[in-house]
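Protein chains in written order, with this note's numbering: chain F, 1 to 267; chain Z, 1 to 345; chain B, 1 to 270.
It should be emphasised that the hints constitute simulated quantities derived from the structure, not laboratory data.
Honestly, I wouldn't trust all of these hints.
[To be verified] Covered, in the sense of this in silico footprint (three residues per stretch, anywhere, with C-beta under 8 Å from a C-beta of chain Z), are these stretches of chain B:
#1 6 to 20
#2 77 to 90
#3 121 to 135
#4 147 to 160
#5 166 to 175
Here the structure is a predicted model, which is why all the values come from computation and not from measurement.
All residues carry an ideal CB built from backbone N, CA and C; glycine is no exception.
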Amino acid sequence: MSHHIVETQDLHYTYPDGTMGLCGVSFRITHGESVALVGANGAGKSTLLLHLNGFLTATQGGLRIGDYPLTAKNVKAVRRSVGMVFQDPDDQLFMPTVFDDVAFGPLNLGLPEEEVERRVMSALEIVGVPHLKKRAPYKLSGGEKRSVAIASVLSMAPDILVMDEPTSNLDPRSRSRLIQLLKSFEHTKIIATHDLDMALDVCQRTIVLHQGLITADGPTLALFQDEQLLARSGLEKPLRMQGCPVCGEWKERDHGGYRKGAEAGEA
Amino acid sequence: MHMADALVSPAVGGLMWAVSAGLIGYSSKKIKEESDDRKIPLMGVMGAFVFATQMINFTIPATGSSGHLGGGMVLAILLGPHAAFLTMVSVLMVQAMFFADGGLLALGCNVFNLGFFPCFIAYPLIYRKIVGNQASRGRMVTAALIAAVMGLQMGAFSVVLQTVCSGITELPFAPFMLLMQPIHLAIGIVEGLATAALILFIWKARPEIMLAAAEKRPLGKISITKVALGILATTLVTGGLLSWFASSKPDGLEWAMFNTAGLEELHNRDQALHAFLDDLQGKTAILPDYGFKSTAEAPKNEESPNWPAVDPATSLAGLVGGVLTLLASIIIGLALRRRKTQELE
Amino acid sequence: MANIDSGFLQIGRMDTLAQGKTWLHRLDPRAKLIAVSVFIVTVVSFDKYTLSALIPFFVFPAILVGAGGLPVRFLMARVLMVAPFAFFIGIFNPLLDRQTFFQMGTIAVSGGWISFGSIMIRFVLTITTVLALIALSGFNGVCLAMEKLGAPKPFVVQLLFLYRYLFVLTDEAIRMVRARSLRAFHSKTMGIKTFASLVGHLLLRALDRAQRIHLAMCCRGFDGRVPMIKPMGLDWKAVAFTVGWCGLFILLRFYNLPLKLGALVTGWVG
Ligand SMILES: Nc1ncnc2c1ncn2[C@@H]1O[C@H](COP(=O)(O)OP(=O)(O)O)[C@@H](O)[C@H]1O
Ligand SMILES: [Mg+2]
Chain F
1 MSHHIVETQD LHYTYPDGTM GLCGVSFRIT HGESVALVGA NGAGKSTLLL HLNGFLTATQ
61 GGLRIGDYPL TAKNVKAVRR SVGMVFQDPD DQLFMPTVFD DVAFGPLNLG LPEEEVERRV
121 MSALEIVGVP HLKKRAPYKL SGGEKRSVAI ASVLSMAPDI LVMDEPTSNL DPRSRSRLIQ
181 LLKSFEHTKI IATHDLDMAL DVCQRTIVLH QGLITADGPT LALFQDEQLL ARSGLEKPLR
241 MQGCPVCGEW KERDHGGYRK GAEAGEA
Chain Z
1 MHMADALVSP AVGGLMWAVS AGLIGYSSKK IKEESDDRKI PLMGVMGAFV FATQMINFTI
61 PATGSSGHLG GGMVLAILLG PHAAFLTMVS VLMVQAMFFA DGGLLALGCN VFNLGFFPCF
121 IAYPLIYRKI VGNQASRGRM VTAALIAAVM GLQMGAFSVV LQTVCSGITE LPFAPFMLLM
181 QPIHLAIGIV EGLATAALIL FIWKARPEIM LAAAEKRPLG KISITKVALG ILATTLVTGG
241 LLSWFASSKP DGLEWAMFNT AGLEELHNRD QALHAFLDDL QGKTAILPDY GFKSTAEAPK
301 NEESPNWPAV DPATSLAGLV GGVLTLLASI IIGLALRRRK TQELE
Chain B
1 MANIDSGFLQ IGRMDTLAQG KTWLHRLDPR AKLIAVSVFI VTVVSFDKYT LSALIPFFVF
61 PAILVGAGGL PVRFLMARVL MVAPFAFFIG IFNPLLDRQT FFQMGTIAVS GGWISFGSIM
121 IRFVLTITTV LALIALSGFN GVCLAMEKLG APKPFVVQLL FLYRYLFVLT DEAIRMVRAR
181 SLRAFHSKTM GIKTFASLVG HLLLRALDRA QRIHLAMCCR GFDGRVPMIK PMGLDWKAVA
241 FTVGWCGLFI LLRFYNLPLK LGALVTGWVG
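Isolated chain F, as found in the complex (with noise of 0.2 Å):
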C-alpha cells in the first residue's frame, strides 16, 4: 500500500467567471487521519474537493495525492484511490438499481462478475442496507440513499474517502448511525462540513476555511474552544459545547456516542 498522502501546495482556483475558488491552500494529510474541513457556505469546501480527484485543475499551485503529484495522464489511477462521495446523493445514484449502482465502479475496474457481486454485498452489507439491492434509488429515504451512495464508492476499496457534507438532509436518528458508521471506517477521511458536532465525533483534525484560505489547521477539539477563531470564520461552536439553554451551564451531554466521539476529539 502506498502511504495515502495527501497534499497541496498553494492551491489557487479562480472559476471561470471570475469568482475566487481557492486563494492558495496548503496541507499535508497522511495515512489513516481523519481530517474534517470545516467553513461557511461559500468557503471553498466542494472546490477543495473537486481537486482531489482531477475534476478541477488548480489554476496555480501543486497537488500530491499518494506518491505521485496529480497530472493527466494519472487522474484516472488517483480517482480509483480517491473515493468521493457527493452531497447530493441523486447526483451518484445514477443507475436504475441500486445493485447496479454499487456494480457501477467495479464493473468499470474490470473486475469479474462474481468479484463485482461479492464487493456490491459486502458494501452494501458494511453500511447495513443489503436488503435494498434491487430498489430503484428514488425511492429510497435520504438516509438510505446516504448509504448506498458510501456503498457506491466502498465497493471500488478506495484508500482515501473524500465526503462533501455528509450529514446534510438527514434527520437525527440516520445522522447518529451515519456518524457510527464513519468512526468505523479505518480509511484516510477527509470530510466537508459545517456539521461541526460531527465532526468533533468523527475527526481528530479539522482544517477551517474561510473565503478560499486556511485560517486554521489542528486538533478539533482546540479549534472549537476558540472562539474567536470560529467568529472570524463564520462559524459557531457545536451546540454541545455551547451553553445549555435552561440552566445557562456549559455541560457536555451524557449520550454514550457523543461522549467518547469528544474524547476522541480530545485524544
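With chain F fixed as given, assemble chains Z and B with the ligands onto it according to the hints.
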C-alpha cells in the same frame, strides 16, 4: 398533436417506425463517434427536464388559454441535432408509455413529427442559418422563434398526411389540413415565444452556455443529404416490404400511394394523391345524400374476409358473438384476479 | 398534457405497480414487449369497418390486468384522460360517412358509426395493453428488453438516465411551481416571463446536475461505456408466452371468432 395508435394504419405506422428507427440508429452512431462522454448523462437529464417542463403551463398573453414548451428546439440548440433527436424520442416514449399519449405504433409517427422536424430540419436549416456565425442575442431569439414555428408547422402537416394516408378516419385531406395548420401556427408561435424567452433567460444568466452551444458544432457535420437519402431509402425498402407482406390485405389507397410513390411524391401531390383529393373534395362538396361511398372501391375492397357484411343475419351473429366474447374476456380476467387475491390472503 | 402534480403521481403509481410479484411481473420483459407489439400491429391491421372481429382481442388486456393484479379503475381513468383526442378525430366519421352499412330491423347503421366504433375499440385495446406493459415490466425492464432486442446502447443508456432523473427533476419543478403559486395570490396563471425564468432556473440546475452526475461517473471509472450485469437468459416460459399469444393474435386476425360463435348461438335460438 400526438398521433394515436387507433388512427394509424400498420402501413403508415410501420413505415414511420422504420424511418424513426433508422434515425435513432444513425444518431446513436453519431453520438458514439463524437465520444463526448458527458453527453449521455446530459441527454438523460435534459430529457427529464423537457418532460417535467412540458407539464408546466403558462398563460398565453391576451387570450387566457395556456401553452407549454415543446422542447425539441431547446434540445437541439443545447445538445446539437443528434443528441436532441434521441432525447426527444425518449421523452415521447415516456409519454406514450405512462400517459398513453400516442401509443407504441404511433410512436414512430410522433418521433418523426415532433423529433425529426425540429432537430434535423428546423434547427440546421432555419435556426443555424439565421444565427449564422456571429451569435448575438437578437439573432438567437429570432431564430429560436421562427425555427420553433416552422418545426411545428412541418410536424402538423405530417400529422395530416399520416392520418389521411392511414385512412382510418374519414377526415378529408384539404379541410383537415386547413384546420391543423392555423391551429398549429398559433401553438407554434406560443411555443416559439416560450423557447425564445428561455433562450433569452439563459443568455442573460449564463451566456457561456449559449456561446458554447453556438460555437461547438459546425454545420458541416450534420449531413442533411445523407439523412434525406437514408429516409428515402428506408421509405422505399420498408414500403416495398410492407406492401409485399400486406398486399393481400385491401388497405387500398394508401398502399398504392406508398408503393408507387414513396413519401416524397406526396408533397408533390402526384397522381395517386391527386385522385384521392378530387375524390374527397367531391364528397365534401356534396355532403348529404351523395353517398360517401362514391369511393366505391374503398369499402368494397376493404370488406375484409372477416366481415361478410351487409346481410342482417350475419350482423346479428356478429353482435351476439361479440358480446359473448367480450363477456368471456372479462370473466377470465376477473377469475384470474380472484385467484390472485385468494393466493394473497 | 397532464398537470404536473397529477402527472408525477401517475408516474409514481405506475412505477409502484411494476414492483408487483405476480408471474406476469416476473416474466422476461422481452416476451411482454414482443407480445404487446404484435398485439398492437394485429389490432390496427383490421380494416376500418371491423367491429366484432376486434372483440376477442380484449382477452389479452383482460388477462394482463387480471393476472397482473392491476387496478382497473386507475387504468380506465388513464384511458379516459386521453380519449378526447381519438374521439374528436373519430367523430368525423359518422358525420362524413352516412351510407347505410347494414340494416338491423328498422335501424340503419351507417358506415361512419361502424368505423367510429372501431376506432374507439382499437383505442381502448391499444392503450390498455401499453399501460399494462409498463405496469408489469417497469420502464427500466422495457428499456433493457429493447437493448437486448437490438436497440442502440447509447440510446438505451440515456433513456435509463432520463427515467432516473425524471423523478428528481419533476420534483424540483413541482416545488418551484408550488413556491410560485404560494406567492402569486391573485393569479392562478403564470405569465410567459415568470415561466421563462422558472423554467430557465430549472434548466440551469439541470445542466449543473448533469455535470455533477458526469463527475460522479468519472470518479467511478466511467470511460464512455456503461457496464451492466444483466442475466437475461431465454427461458421456456417466456418463449411459450410470446409464441402462444402471437399465435392466438394471428389466428384471431384471420378467423372471426365472435361471428362463428354468434352464428352458432343465433342458429340454435332461431
Ligand atoms: N461553478 C461555479 N462557477 C462560479 N463560481 C462558483 C462555482 N461553484 C462555486 N462557485 C463559487 O466558489 C466559491 C466557493 O464555493 P464552494 O466551494 O461550493 O463552497 P462550499 O462548498 O464551501 O459551500 C463560492 O463563492 C461560490 O459562489
Ligand atoms: Mg459545498
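Here's how the hints hold up against the structure:
no.: 1; hint: 6 to 20; result: holds (count 5)
no.: 2; hint: 77 to 90; result: holds (count 8)
no.: 3; hint: 121 to 135; result: holds (count 8)
no.: 4; hint: 147 to 160; result: holds (count 9)
no.: 5; hint: 166 to 175; result: holds (count 6)
When held up to the earlier numbered hints, the structure conflicts with none and fits them all.
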